[in-house]
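Got chain D; can you put chain C on it based on the hints?
Here the protein sequences come in this chain order: D and C. Residue numbering for the first sequence follows the numbering used here, starting at 11 and increasing by one per position. Residue numbering for the second sequence follows the numbering used here, starting at 125 and increasing by one per position.
Everything labelled a hint here was simulated from the structure, so no lab data went into it. Worth double-checking, as some hints may not be accurate.
[To be verified] Among the chain C residues that face chain D by a calculated CB cut under 8 angstroms, a handful are: (1) Tyr157; (2) Leu175; (3) Glu177; (4) Val184; (5) Phe199; (6) Ala211; (7) Thr221.
Note that CB positions come from ideal geometry on N, CA and C, so glycine has one too.
Spelled out, the chains give:
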Amino acid sequence: DAKTTQPTSMDCAEGRAANLPCNHSTISGNEYVYWYRQIHSQGPQYIIHGLKNNETNEMASLIITEDRKSSTLILPHATLRDTAVYYCIVGYSGGGADGLTFGKGTHLIIQP
Amino acid sequence: ETGVTQTPRHLVMGMTNKKSLKCEQHLGHNAMYWYKQSAKKPLELMFVYSLEERVENNSVPSRFSPECPNSSHLFLHLHTLQPEDSALYLCASSLWTGYEQYFGPGTRLTVT
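The shape of chain C in the complex, shown without the other chains:
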C-alpha cells in the first residue's frame, strides 16, 4: 500500500468501550498528526509527533491517548468517550513538521 492508511474506516462504540484507531504511513515521513473534524466545523489539530516524540498536544481531553511507537505508525486510544466525540478522525504525515501534509481517508467514529 502507498500513502497514509487508517483503520478502521468506520467505528461505532459505546461510551464505556475502549478502542484504538491506527494510522500507518508509507512515505518515509518523520512527522505524524491526529486531527478531528466534526460536522460543519473546521479541522482541529489534536496531536503532533516528530521522530516519535510528541511536540504538540492541543488541550485534548485525557480520554484520547496517542501512541507513536515508530515514525511509520500512530495510534489513538479511545476510552469513555462522549457522544460529542463523534467525528471524522484524520491522520496525516509530513516529511518534517510542515504545511505539506498527506492525509489518510479518516475513521468515521460514532459514539452511542
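This is chain D alone, in the form it adopts within the complex:
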C-alpha cells in the first residue's frame, strides 16, 4: 500500500512558485513528512522535512495541513534547474535503517 500519493506530473513557469501536493492520509502521529528530488541521472537530493509545523529553508517551504493528512512543497521562484522528479515520503525520524522508499513522485517541468 502506498503511504503517499502525488500527481504524476506538473508544469510551472520559470520564476513562478511551484506548489507540489502530497496526500498522506494514513500518516501516524510520530511520522515526519520528507521531500526529496532527483534530477535526471543524479543522486536524490534531500529538500526538507517536517512533523506538524510549517518549515522553511533555503530551498523550499513545507506546508502541512492541521490534520497532517496532506502537505505542499513550495519552491518560491522556480528555475529551469528545478526540473526534476519530486518525492514525498513519510517515516519516523530514526527509521532510516530500512532505507528510503520512493514512490513514483511528481515530475515537475519548469517551462521557460
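Just chain C now, kept in the frame of chain D:
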C-alpha cells in the same frame, strides 16, 4: 570537498573483473548506505552501516561485498557481476540512521 563524493563516476567492467566503488562523506555523519537504482525502477537499499557496523543487509548477492573502515568511508567491492547488475549505485549518509539522507552523485556501472 564537501558533502558526499563517489568514485569512479562511471565504470565499465567485464563479468570476470574485480572492482571497487568508493564513497566518502565530509558531513560528520555516523550512518552510511549503499543503494542500487536500475533503469525505471525505484531505489533499492543494499547495505546500511551505523558507526562502522553493518545494521542491514537486504538479501544482496555475495558478489557485492561492502566495507566500512571508518564512519567517513564506505566501499562496495564487486566481483563476477552479471549484466543485470548494471545500474546507478548510490551512496548516502545521515547523522544517525534516519530519513534525512544525503546522497552522492552515484557511480554508473555497466557490466559487459
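Q | chain D contact restraint for C/Tyr157 - C-beta distance below 8 angstroms | A | Interface hint status for C/Tyr157: holds (7 angstroms vs cutoff 8 angstroms).
Q) Against chain D, is C/Leu175 within 8 angstroms by beta-carbon distance? A) violated (12 angstroms)
**Q.** Interface restraint verdict for C/Thr221 against chain D (beta-carbon cut-off 8 angstroms)
**A.** Constraint on C/Thr221 satisfied, holds at 4 angstroms.
Q) Can C/Ala211 be said to touch chain D, with a Cβ gap under 8 angstroms? A) violated (12 angstroms)
**Q.** Proposed interface contact between C/Glu177 and chain D, which counts if any beta carbon pair is under 8 angstroms
**A.** With Cβ-Cβ at 11 angstroms, over 8 angstroms, it is violated.
Q: Hold the hint about C/Phe199 up to the distance rule: shortest CB distance to chain D must be less than 8 angstroms.
A: violated (17 angstroms)
**Q.** chain D contact restraint on C/Val184 - CB to CB distance below 8 angstroms
**A.** violated (12 angstroms)
Hints 2, 3, 4, 5 and 6 from the list above are not met by this structure, while the remaining hints are.
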